[in-house]
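Undergrad: Below, each chain spelled out in residue letters.
2 protein chains.
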Amino acid sequence: MFQFTLTGTCGRARTGRFVTSRGTVQTPIFMPVGTLGSVKSLSPEDLHELGAQIILGNTYHLYLRPGCDVIERFSGLHRFMNWDGPILTDSGGFQIFSLSKLFKITEEGTTFQSHIDGSSHLLTPEKSMEIQRCLGSDIIMCLDECIPYPANREQALAALERTTRWAQRCKDYHESQGPGPHALFGIVQGGMYEDLRRRSAEEIEAIGFDGIAVGGLSVGEPKELMMEMADINLGALPQEKPRYVMGVGTPEDLVELVNLGADMFDCVMPTRNARNGQLFTSRGTFNIKNATYKYDKSPIEEGCECYTCRNYSRAYLRHLYASRELLSYRLNTIHNLHYYLDLAGKMREAIGKGEFDTFRKDFYSIRNTE
Amino acid sequence: MFQFTLTGTCGRARTGRFVTSRGTVQTPIFMPVGTLGSVKSLSPEDLHELGAQIILGNTYHLYLRPGCDVIERFSGLHRFMNWDGPILTDSGGFQIFSLSKLFKITEEGTTFQSHIDGSSHLLTPEKSMEIQRCLGSDIIMCLDECIPYPANREQALAALERTTRWAQRCKDYHESQGPGPHALFGIVQGGMYEDLRRRSAEEIEAIGFDGIAVGGLSVGEPKELMMEMADINLGALPQEKPRYVMGVGTPEDLVELVNLGADMFDCVMPTRNARNGQLFTSRGTFNIKNATYKYDKSPIEEGCECYTCRNYSRAYLRHLYASRELLSYRLNTIHNLHYYLDLAGKMREAIGKGEFDTFRKDFYSIRNTE
Numbered sequence: 053m054f055q056f057t058l059t060g061t062c063g064r065a066r067t068g069r070f071v072t073s074r075g076t077v078q079t080p081i082f083m084p085v086g087t088l089g090s091v092k093s094l095s096p097e098d099l100h101e102l103g104a105q106i107i108l109g110n111t112y113h114l115y116l117r118p119g120c121d122v123i124e125r126f127s128g129l130h131r132f133m134n135w136d137g138p139i140l141t142d143s144g145g146f147q148i149f150s151l152s153k154l155f156k157i158t159e160e161g162t163t164f165q166s167h168i169d170g171s172s173h174l175l176t177p178e179k180s181m182e183i184q185r186c187l188g189s190d191i192i193m194c195l196d197e198c199i200p201y202p203a204n205r206e207q208a209l210a211a212l213e214r215t216t217r218w219a220q221r222c223k224d225y226h227e228s229q230g231p232g233p234h235a236l237f238g239i240v241q242g243g244m245y246e247d248l249r250r251r252s253a254e255e256i257e258a259i260g261f262d263g264i265a266v267g268g269l270s271v272g273e274p275k276e277l278m279m280e281m282a283d284i285n286l287g288a289l290p291q292e293k294p295r296y297v298m299g300v301g302t303p304e305d306l307v308e309l310v311n312l313g314a315d316m317f318d319c320v321m322p323t324r325n326a327r328n329g330q331l332f333t334s335r336g337t338f339n340i341k342n343a344t345y346k347y348d349k350s351p352i353e354e355g356c357e358c359y360t361c362r363n364y365s366r367a368y369l370r371h372l373y374a375s376r377e378l379l380s381y382r383l384n385t386i387h388n389l390h391y392y393l394d395l396a397g398k399m400r401e402a403i404g405k406g407e408f409d410t411f412r413k414d415f416y417s418i419r420n421t422e
Numbered sequence: 053m054f055q056f057t058l059t060g061t062c063g064r065a066r067t068g069r070f071v072t073s074r075g076t077v078q079t080p081i082f083m084p085v086g087t088l089g090s091v092k093s094l095s096p097e098d099l100h101e102l103g104a105q106i107i108l109g110n111t112y113h114l115y116l117r118p119g120c121d122v123i124e125r126f127s128g129l130h131r132f133m134n135w136d137g138p139i140l141t142d143s144g145g146f147q148i149f150s151l152s153k154l155f156k157i158t159e160e161g162t163t164f165q166s167h168i169d170g171s172s173h174l175l176t177p178e179k180s181m182e183i184q185r186c187l188g189s190d191i192i193m194c195l196d197e198c199i200p201y202p203a204n205r206e207q208a209l210a211a212l213e214r215t216t217r218w219a220q221r222c223k224d225y226h227e228s229q230g231p232g233p234h235a236l237f238g239i240v241q242g243g244m245y246e247d248l249r250r251r252s253a254e255e256i257e258a259i260g261f262d263g264i265a266v267g268g269l270s271v272g273e274p275k276e277l278m279m280e281m282a283d284i285n286l287g288a289l290p291q292e293k294p295r296y297v298m299g300v301g302t303p304e305d306l307v308e309l310v311n312l313g314a315d316m317f318d319c320v321m322p323t324r325n326a327r328n329g330q331l332f333t334s335r336g337t338f339n340i341k342n343a344t345y346k347y348d349k350s351p352i353e354e355g356c357e358c359y360t361c362r363n364y365s366r367a368y369l370r371h372l373y374a375s376r377e378l379l380s381y382r383l384n385t386i387h388n389l390h391y392y393l394d395l396a397g398k399m400r401e402a403i404g405k406g407e408f409d410t411f412r413k414d415f416y417s418i419r420n421t422e
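Just so you know, the protein sequences line up as chains Z and W, in that order. For what it's worth, the numbering used here labels the leading residue of the first sequence as 53, then goes sequentially. For what it's worth, the numbering used here labels the leading residue of the second sequence as 53, then goes sequentially.
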């Protein structure tokens, strides 16, 4: 079912589209994060109005709450949460690494303790596939081994090799279940080592996936290092498959990574920061709690077409935020996601016109005016 | 501008409508509470979709946050919060009584300490009028003196007399500002003393207001006593003016008070309880956090036409609530407000058809089936 078509290039930047059984996605695209079966504070209608084409669900979280036994009664996450568009689910590996109280990796899989109740669980590559299939995911991610930053070469190599072995197990299990609507993406690791990044990309690509993700970035390394690793991986991946840079990033990161040939992104930044009052604009970010905005009748950003900017002032948004009103989170989230999704749309347009370089230059020059 | 028309009666129950410069309101009506310039978790579009005809704003809260200096820049609360329908504001008196850390009542007004920062403020009848005018309220409430339950006769009498004197000062100040779109309602007090309730109603009515509210109920007294006092007041008030029972109540309270001739209600119960997981149905209430609902694919109430019931299962709502997802508050609030507004609508219909007794009987018989 899954099918990716490259529709245009401009330097290394590219536009494309992929087709899932639940709809077509135009790339480059940003995927809002719906950790627990809800993009925090938003309804599916909000997401459609924002032009969200695909959202992300977190396997680790959904496995623990509400659990697959609940979601399978609804034949998957879509009907459970009332979202009819495509969903990509992660493998659970990164959340175990970043959230669980205790975890231990063996060749079989990762044993971890729930961050909620301390209960013990084993996540194997096969189990991750099984859970993601139960979630009804349109794009399933392989279970990989994440390593901290910094990590020495030995650690990075061991994780790379295990990631490859696990990727093969994921593929084997996935295929053993017969044909279905779920696409399967592999994940490249390799720490911050150029040769390991190259080797991982080759090994993962050799197994054969519907798309390839660059994992293990944005884990605390300097920005230049992240871009260097992304550059190596994105430059080495095949043209005919979608490339997903996981867990990244700032608007600048998106522009730079698209410039290097990335197609897909996810990050909690627009949604999480919205709930902390930080709002994104083409000139940069500001925090709505600042007293400067007390009497400010202007929208978050002049000309922004999001629901929040069309209807509310900074003064009102500041008041809601200062008063911890629930509507604050929704209005801020709508704006920030609009910013990210609109940025992706503008990049697609610029690439389509062969003007991505100009777009990129303008993107920075506007940011430097304030 | 303000104009009330009695459109039908059925026993003591009545239907009517009042016209404000921002729209017409059909009575009996329930007014969702928008304490701080937002009905918690909802947008104005949500309120319109729910059929909310008028909402309530809290003068005490809005005076403290964001303050009149902010709201006057927007020419009132409507534009500030993006709600174009009618707004009724309370006087601030009850909130001082129930929320402020320290307050002292003198003939001039009430000195109180903010529950937010402890700052000291004086609310006089004139000041309350001024603030409510600044808020652009469509229906302004007189400042009254609230007393606790139980209160002895001496306390109740003193508060009644002060309430009358303050009502006159409110009226005088209001008129001194010249004609405008703001209606002014008086408030009846009198504690739990029949003769004082009658006397207060007479005194308030004699001053001459656009509508009359029954205040000082639902402050901890037994339900029978509340109904007894409401019965006395509602029986004594003129037919040609709207009657508003403040801060009440449960669905049963609404049915009983409409049966006694009440027209308007406000209460935080549907919205606050929604945020605590308690949901209203025609059979009674239940709490969505209960494990019973873990796999429950049915909506909160079969046949309910609210957005939440049309799109989400109890299992999903339980999951959102258990996970403290922000969407939980909105979905629960939408259902509960729909329940209250629909109840008011059904009462109007039943009164219109001359079938309010049957409606009331059915209302209770459905509740007793589970």
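Mixed in with the good hints there might be a few duds.
A pair counts as met if it fits within one copy or between any two copies, since identical chains are not told apart.
As the list claims (entries may be wrong) - In silico lysine-lysine, DSSO-like type, Cα no more than 30 Å apart, as pairs:
1. K156 / K398
2. K156 / K293
3. K153 / K179
4. K275 / K293
The hints are simulated quantities; they were obtained by calculation from the structure and are not laboratory data. Fair warning: this is a prediction, and the values are worked out from it, not measured in the lab.
Undergrad: Hint by hint, note whether the structure agrees.
TA: Results of checking the hints against the structure:
| no. | hint | in the structure |
| --- | --- | --- |
| 1 | K156 / K398 | neither (43 Å within a copy, 60 Å between copies) |
| 2 | K156 / K293 | neither (33 Å within a copy, 73 Å between copies) |
| 3 | K153 / K179 | within (20 Å within a copy, 56 Å between copies) |
| 4 | K275 / K293 | within (25 Å within a copy, 69 Å between copies) |
Comparing the model with each earlier hint shows violations of hints 1 and 2; every other hint is respected.
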